[in-house]
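Engineer: Now for the letters of each chain:
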Amino acid sequence: MAFEDQRTTVYKVDPEHPESESLPTLRTEELLLNMGPQHPSTHGVLKVILELEGERLVKSTPVLGFLHRGVEKLAEDGTYHQFIPHTDRLDYVCAMYNNFAYCRAVEKLLNLQVPERAEYLRTIVAEVQRIIGHQFWLGTQALDIGAMTVFFYCFRDREILLDWFDELCGARLTTSWYRIGGVERDFTPSLLDKLKKFLDYFPPKIDEYIIFLETNRIWVARTKGVAVISAEDAVSFGLSGPTLRGSGVDYDLRKYEPYSAYPKCEFSVPVGKNGDTYDRYWIRVMELYESVKIIRQCLEQMQEGPIMADVPSVTLPPKERVFTNLESMIQQFKLFSQGFNAPAGEIYCGTEAHKGELGFHIVSTGGGKPYRLKIRAPSFIHMGAFDYMSRGYMIADAITLFGTYDIVMGECDR
Amino acid sequence: MHQLAQRVQDTFPVGFVSSTEWRGDVSVTVTREKVHEVAQFLHDDPGMDFDYIVHVSSVDWPDDEERFEVVWEFYSIRKRQRIRLKARVPEPDCIVDSLTDIWKGADFMEREVYDMMGIRFRNHPDLRRILMPDDYTEGYPLRKDFPLRGKGWRDTFDFLDEVPR
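Heads up: the sequence lines are chains A and B, in that order. Just so we're aligned: 237 in this note's numbering is position 237 of the first sequence, and the numbers increase by one with no gaps anywhere. Just so we're aligned: 417 in this note's numbering is position 3 of the second sequence, and the numbers increase by one with no gaps anywhere.
One chain only, chain B, in its complex shape (with noise of 0.2 angstroms):
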């Protein structure tokens, strides 16, 4: 186990689910009740200090219990290293604790993980719809069973068949 997720491990016993190195990046799991106690201390740990978030990005697995997956990416600008924070939320109640008091910029990217999957942030300031229009109602678009074309929203809206002159 690479030694970043030996310390989670050990600074979190509890809520410590797995660890994966795959081509030199480091991930780690946690559960969900634990998201923002473990990335405050990524943030505050001198030996971790994680001051810089990269992204965070959401994937969707229909077929397993926990359905969603929140991924976070860290970076240490002083120390120079890469951490990847995963949490999965199930369907029902899909929220996960906000991380935009850690850091600023969590912000835009948690609102778009919202408007993308539909998963919700807990203590966000300002948790709208982002990319989509404000009165899109048709769902949230990368979940999988979203299709590729839409849901017909778009065939509601009034064309001219041609210009008239």
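Chain A on its own, in the form it takes in the complex (with noise of 0.2 angstroms):
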């Protein structure tokens, strides 16, 4: 038998054969996997109960849950300040983005106007953000399926960047520096100064990435024609990012509906053919290259003002004032202990983060609780097409599915 049939058939006895009665009996059947929640390539803890036919995988049922932590729950208690930190812990990879997306959603619903520069301030850290997410992609989806190089390089640099998130707010990981109305601080100029030398250090390193992987056969083998999905099912499955723009459609909200100071920048958004994981590893590693431009534009066109919506009932008060203005400092108290009040209504605002479309359904009553609010997390809808995408590959293929998805379980279970 030819190695070809034996890798997509099934050995099963033909009872016809005209042999048959003197050829073994050869027992087949299913064998259930559980992959995890314990498993170092699912990004957390995720399990997912896998039925085998020898190798190939026949269904695939992801259990989820293991980090519900009952965000939603949590949000209809606190205030809508007091939201913004637990938003750090959805995609704790990629704080920044969840803080803006809850930020952007909450000013839809107070129609509130964010002014230039903080806008711009957004932009710039959004697509810091994104860089460090990439990076970080790249990195473990690559060790996950067993190219381990690239991984040590992508860390090197994102370390680069979390300092300097450290040095913008304290934080490294969750970083909370989004307000509702604009940011928490101004770049520094020493802020400024590495962001800059970072954007001429950077794209060579991107090449070097590139040549790690694409001249590494057996990544590119593991990645080119797995985890096919049609640009119709993607549509239909709702999945959103790189992983949609992969089969060919360039669904991205930051050129379908224009947000912050991205209708001011030039960038191409980079749409894949044949919707397998290597194009969506293409489109990631070609937006490192638009994150950069992007960042240098907003760079050029920024001018000085104020980082903060002056809308006293709402916005916080600059922090200077709240140490030496009793009024500042009632005003920032009784913003936090009691919220403002929002007005009655219900929105959608979706933004485009890195791993998809993340956003927030809030329904408000008036005061200064929402009501409900409801997370859309990419991770979680692209678990969805799990089952789907996966049959028919190879076990091992699983761990490609984890890895091109981008999930992270935090923002899954929410």
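Be a bit skeptical, because a hint or two may be false.
What the hints assert, rightly or not - Covered stretches of chain A (chain B as the covering partner; in silico rule of three or more C-beta atoms under 8 angstroms from a C-beta of chain B):
hint, region
1, 168 to 178
2, 235 to 244
3, 345 to 354
4, 369 to 375
5, 382 to 390
None of these hints come from the bench; they were simulated from the model. In this text, a Cβ means the ideal position worked out from N, Cα and C, and glycines have one as well.
Take each chain as given, in its own frame, and dock them per the hints.
Structural biologist: So, in structure tokens, the structure goes:
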């Protein structure tokens, strides 16, 4: 029997075969395999029950919820400002973008205009976060399927940006730097300097990542043509971000519903053709270049100005005034303990995070707390397509699939 | 009235309940018997063309006669428009048609709504809890009458007071 045949068909004794009497009877049965919740490639605590026929995946059932913390319920108990640190813990490798998406949603609810400089600061930091997210993805995805070198190089460069975040807001991962109506603090000259240096340093490093991966035959063989999904199916499943764009749909909210400083920047949205893991990798790498471009343009265009909208009933006073001025302190205290009075209504606001569309659906009945807050987490919705996309692939490709979605269980389970 | 909502009203004069437009979001409320038909129309009609399901959510209004509200959000990638579809469900018979046959992604989203709010979906292929454990018996956590700290199930767990050395 040819090697190829063995790979694609399950060996079964044909009962009609003239020699079937003399052949040994082979017992075939499907094997149930629990993968996770303690498996290094699942990036957290995800369990998938795999039904196997030989080494082929027949059906896979994701079992979610190991990291469920009831974030949506907690949101109903706190004020709008108090929920910002909770959003850090959704997608804990990319906290800035969660803060951004949440603050945008609340601003839409309040109909609040953010000053121009704050919009630029937000865009710059969001794109830095996108670089961090893609570096993290590139490193761990390659590591999961056996390419170790690129992991160290990605994390080396990611460390520079995490230190930059540390200097910006005092935390590497759980940042809480965005505020409703603006941002917490402005860039210092040292931060600007470091960022500019990084922008010169980084693009040659992306070329390096590409060389590491694309000259690796094993890595290419394990990503090309693996986990293919057609554009129609991807749209029907509600996939978003690079996972959808890999299938050739140019759905990117930064272009479709421009927000913040994105409409003032020139950048392109890379779109794949084949809808396989390799195309999604290629999109993420190209987005690294685009992010560098966006940050450069923002730094050029950015003018001096306020970094927080001046609506005392909603936005926080500047920190230096809180420590020196009694009224500002009272304002800060009241905003955090009672919150502001949001108008009654219902909004949905989606933001293009690096994983996909991160949306917040907020129902308000007035008062300081949201009545209902629903998080549209891209990781959760991507897991919905896992069974469909995994069918027929080898068991080792399940790992590629976890990687290709860029799932983070904090966001998936909420 | 927004033209999208107007078209839904013209096509479904019986099922249409109300529509709002606030902060640029168009939202249409229909009766729950018509949800599947309206959704099919939103998906198939060339003028609507809502091929992308954004999310399925639910809201609990304990004081209302029809207690629960199921919220679907759709997006049209080709037409770049957004619509929100809502339907009310009463508590004694909280069941609504599943949209999994129109949008495949509705599968997990509806399971989450069932898990969190206890609303069942007719013709759903695999309606089980998704985020909470399968043997969870305290009810549905996002209902307004569910206390924030839970109903005491966690207190029944066995914990070691001290790690034995």
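Engineer: Hint by hint, where does the structure go against what was stated? Just the numbers, ascending.
Structural biologist: Checked against the structure, the only hint that fails is number 1, while the rest are satisfied.
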